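Novice: These are the residues of each chain, in order.
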Amino acid sequence: MQSFMRSDPFGQRNTFIWLDNFIALFTDPLYLKSIGTTLVFSTCVAAVSISIGLFIATMANRALKAKALIRTMLIWPYAVAPAISGILWLFLLHPSYGVVAIAIKRWLGIDWNPVLDGNDALFMVVMASAWKEISYNFVFFIAGMQAIPGSLIEAAAMDGASPFRRFWKITLPLLSPTLFFLTVMNIIYSFFETFGVIHMMTQGGPGGATNILVYKVYQDGFIGLDLGSSAAQSIVLMSLIIVITVFQFKYVERKVQYAG
Amino acid sequence: MVEKTPILDTLTYIFLLIGIVVVGFPIIYSIIAATLPIEEVSQVPMPLIPGDQFWVNIQAAWEKGNLGTNLVNSFIMAAGITFGKIVVSMLGAFSIVYFDYRFRIVAFVTVFCTLMLPVEVRILPTYEMAANLFGPLQPVWDLLHLDGLASWFAGHEIEVALEWSLLDSYPGLILPLVASATCTFLFRQFFLTIPEELCEAAKMDGASPMVFFRKILLPLSKTNIAALIVIEFVYGWNQYLWPLLITTNPKMLTAVIGLQNLIPAADDLPYWNEALAGTLIVMLPPVLVVLFMQRWFVKGLVDPEK
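Chains A and B supply the protein sequences, listed in that same order.
Under my numbering, the first residue of the first sequence carries the number 1, and numbering increases by one thereafter.
Under my numbering, the first residue of the second sequence carries the number 261, and numbering increases by one thereafter.
Mixed in with the good hints, there may be bad ones.
[What the hints assert, rightly or not] In the DSS-like style, the derived pairs of lysine-lysine whose C-alpha atoms are separated by at most 25 Å in a straight line are:
1) B:Lys559 <-> B:Lys475
2) B:Lys463 <-> B:Lys482
3) B:Lys324 <-> B:Lys511
4) B:Lys559 <-> B:Lys482
5) A:Lys67 <-> B:Lys559
6) B:Lys463 <-> B:Lys475
7) B:Lys559 <-> A:Lys65
8) B:Lys559 <-> A:Lys250
It should be emphasised that the hints constitute simulated quantities derived from the structure, not laboratory data.
This one's a predicted model, so the numbers in the text were calculated from it and none came from an experiment.
Required output: the full structure, derived from the provided sequences and hints.
Specialist: Written out as structure tokens, the structure is:
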């Protein structure tokens, strides 16, 4: 309801203005920019965390010794709050104290400053968000790989397929449902749960470079007190997540039929 | 493995080691940082040998960040969310699976549509709701002119504003996060796998639905509950946006939010050692839960998606 109204900042009057909030939203360059930022951000997070998670899981699946230990060592970051992951990386990438920041400056010769440079800041939040998701992806990939019958791999090995070829031709295609599921989950994660990371690290700055959609809802609604616009943004996000959910369920059903 | 590939095997372990180090690096580094006095932390680059200031920093962080109270708050919130979620979703799934009433499918779909929305998306309406639980009833109240009735009854003019705020309270922290479609769905799937004969046998023996629930379903769902406890505890502990919105009183802050006070601002002395010591304390409980209940955790995470 709120999205159709315009409220004054003190909440005294509500005026019904139909779709004006939505029209204002989609003609607002800042909002469009925020959509772009969100897309770049979530693509990067998903790509980084899935590829690293897959890589480590492949390796861990090959390992014969100390399996439990390796798994334990890789699982725990799941329990770290996004906000806490934000603090850790904020320190690591701090322009004057962070050790990773120093390495970047020295070895890559990049003038690293996430406080001033938008791209650096975006890189920083991507790192912090992706790091936490690696272990989540890892758990799923490991489970997926263990479900692949060993006889398949052995048969391929008999036919002379090298380990790399086996990975590309057998493991990866059989993992594709997991891969797809994780892509959806990672995108949802980077859309919504990374609020803590952003809030701790950059607060949407510098100059809106890390202002993703969820953060903008919060900022406009609770700091800018433009309740109407914030509600309209919520509606946009809601429809988005409903679409994702429906999409996912369609897919899950198909998978069940396929298995049966 | 299928064939002998010594080089590849070595490479595997090397890569694994690198992977573990990369994943663990932020934490190792902050543990080291948390043991150093401030002069050394602000050195560039920071020394990688642990210092002896660990307890001093922990203490400083504990006091500065008011961690004692905050941890208790976090704990109550996480435990409340976990408990509430499991109870609500079990009962919900129980009703959906075992009772044949009208609109059952409708109820299920509604539960689904509304609850797939994470709290981040519905902050505004949820906030308004929590700020005044009777808010939605106010128009009804006005419409029925109950004011007039009440004043007639009381004999003088009174204005009744229905208000019951959940801001800055434990129920406010917990309730909006309790509803969970994922848990309901998981329990529904699980209940569907329980043979119907069991239910019929219980009926024959004269068990009421609630007895059936308590004596048969509850013990059967033990593993599922254990798995969910781990996941939901971590979820509850790590909540950020909602506690941030709803708490203004420093006594009600949760630990994760409280940490923000420890991060050095641009002009402060860079007390990163204390900030990181505090961070370590706050992340410890969920990490411990995950590590010690790893088996349940993996099961709970992976199973619902199958």
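Novice: Could you run down the list of hints and mark each one as holding or not?
Specialist: Hint check:
no.: 1; hint: B:Lys559 <-> B:Lys475; result: holds, 24 Å
no.: 2; hint: B:Lys463 <-> B:Lys482; result: holds, 22 Å
no.: 3; hint: B:Lys324 <-> B:Lys511; result: holds, 13 Å
no.: 4; hint: B:Lys559 <-> B:Lys482; result: holds, 13 Å
no.: 5; hint: A:Lys67 <-> B:Lys559; result: holds, 17 Å
no.: 6; hint: B:Lys463 <-> B:Lys475; result: holds, 12 Å
no.: 7; hint: B:Lys559 <-> A:Lys65; result: holds, 22 Å
no.: 8; hint: B:Lys559 <-> A:Lys250; result: holds, 24 Å
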